[in-house]
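Student: Here is how the chains run, residue by residue.
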Amino acid sequence: MEAYRGLGLALLRDGQQIDGQVALKTYLAKKPDATDKAMMQMLAGG
Amino acid sequence: MCKALKYGLTWVLLGVSAPLLAGFTLEATGQAVAVAKSGLNVTPSQDWNGLGRRLGRNAESWTRDGLTLNDVTFYGGISNDETLFKDRAKKDKPLPHFSATMLAPDVAQLFEQTYRLVNDTPIFKVDGMEPTTFMGKQGFRFSYSFTSQTDEVNRKGEANGAIIDNKLYMITYEAPVIYFYDTSLQPYRKLVESAVLK
Numbered sequence: 001m002e003a004y005r006g007l008g009l010a011l012l013r014d015g016q017q018i019d020g021q022v023a024l025k026t027y028l029a030k031k032p033d034a035t036d037k038a039m040m041q042m043l044a045g046g
Numbered sequence: 047m048c049k050a051l052k053y054g055l056t057w058v059l060l061g062v063s064a065p066l067l068a069g070f071t072l073e074a075t076g077q078a079v080a081v082a083k084s085g086l087n088v089t090p091s092q093d094w095n096g097l098g099r100r101l102g103r104n105a106e107s108w109t110r111d112g113l114t115l116n117d118v119t120f121y122g123g124i125s126n127d128e129t130l131f132k133d134r135a136k137k138d139k140p141l142p143h144f145s146a147t148m149l150a151p152d153v154a155q156l157f158e159q160t161y162r163l164v165n166d167t168p169i170f171k172v173d174g175m176e177p178t179t180f181m182g183k184q185g186f187r188f189s190y191s192f193t194s195q196t197d198e199v200n201r202k203g204e205a206n207g208a209i210i211d212n213k214l215y216m217i218t219y220e221a222p223v224i225y226f227y228d229t230s231l232q233p234y235r236k237l238v239e240s241a242v243l244k
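Chains as they are written, first to last, in this note's numbering: chain A, 1 to 46; chain B, 47 to 244.
Only chain A is shown next, with the shape it has when bound in the complex (with noise of 0.2 Å):
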């Protein structure tokens, strides 16, 4: 789980917006109780 948190930011970081969000989105599917979540949520795109 933790692995697709760390290639949604490395992807944002890279500029590589869509598919970094993405990713974001797979993380919080699978960990719906993360305690970043709202961060997240920001940086998957609402």
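For the record, the hints were derived by calculation from the structure and aren't laboratory data.
Misleading hints may appear alongside valid ones.
Stated by the list, open to error - Stretch-level coverage of chain A by chain B, calculated; a stretch enters the list once three of its residues show a Cβ under 8 Å from a Cβ in chain B: (1) 7 to 13; (2) 24 to 38.
What the hints assert, rightly or not - So, partial list: chain A residues that the calculated Cβ filter (under 10 Å) puts toward chain B: (3) Gln41; (4) Met42; (5) Leu43.
Think of the CB as a built atom: it goes at the ideal place given N, C-alpha and C, for glycine as much as any other residue.
Using the hints, position chain B against chain A.
Tutor: Using the frame of chain A, we list chain B on its own:
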């Protein structure tokens, strides 16, 4: 009780204000002031004491009762490849550098790594993080807790900030969990609300 906390409490009990001590300046209620040698301006809702010495090129601290008891630190536009604080032990314990490509979670990690080195403690935890608005821009808020090795006091903290034009602007607040954290949290949040970039 640790020495630092004892002395801090003595200050409070005696009503001795920090401006009487060398190295502090009064940051008066209602007076807008530029902080951290930057365009970051705040207007305090009550009196604070500014530490004359800067912690970094663009970092400055204020306190109400003593830095060990309540500490607000302003980071005024940390540029790409700069550290949050002066890199005093560059050879042995180099501080991590800010990168303009960082996202909010990276800033929390930068802060954590910096604190672990500066406070020489393995006991540091980011407790939560959420998006927020800071100086009218999309920003972040994270809470943290740590225990400094020097006084072994458990402290809680909160950071509010944003990356604007590739520079990091952030205001943090921290205080001992017992009593002090809650007493200055609202004055800190009012400082954050008053922040503008000029």
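Student: Is the coverage entry for the stretch 24 to 38 of chain A by chain B consistent with the three-residue Cβ rule at 8 Å?
Tutor: holds (count 3)
Student: Just to make sure I understand the rule, a stretch counts as covered if three or more of its residues have a C-beta closer than 8 Å to a C-beta of the chain. Does the stretch 7 to 13 of chain A meet that for chain B?
Tutor: Contact hint for the stretch 7 to 13 of chain A vs chain B: holds, 3 residues under 8 Å.
Student: Against chain B, run the beta carbon of methionine 42(A) and see if the smallest gap drops under 10 Å.
Tutor: Result: holds, 4 Å to nearest chain B Cβ.
Student: Going by Cβ atoms only, is leucine 43(A) closer than 10 Å to chain B?
Tutor: Leucine 43(A) check passes; min Cβ-Cβ to chain B is 6 Å, inside 10 Å.
Student: May I ask you to test the interface hint for glutamine 41(A) with respect to chain B, counting a Cβ-Cβ separation under 10 Å as satisfied?
Tutor: Constraint on glutamine 41(A) satisfied, holds at 8 Å.
Checked against the numbered hints given earlier, this structure breaks none of them.
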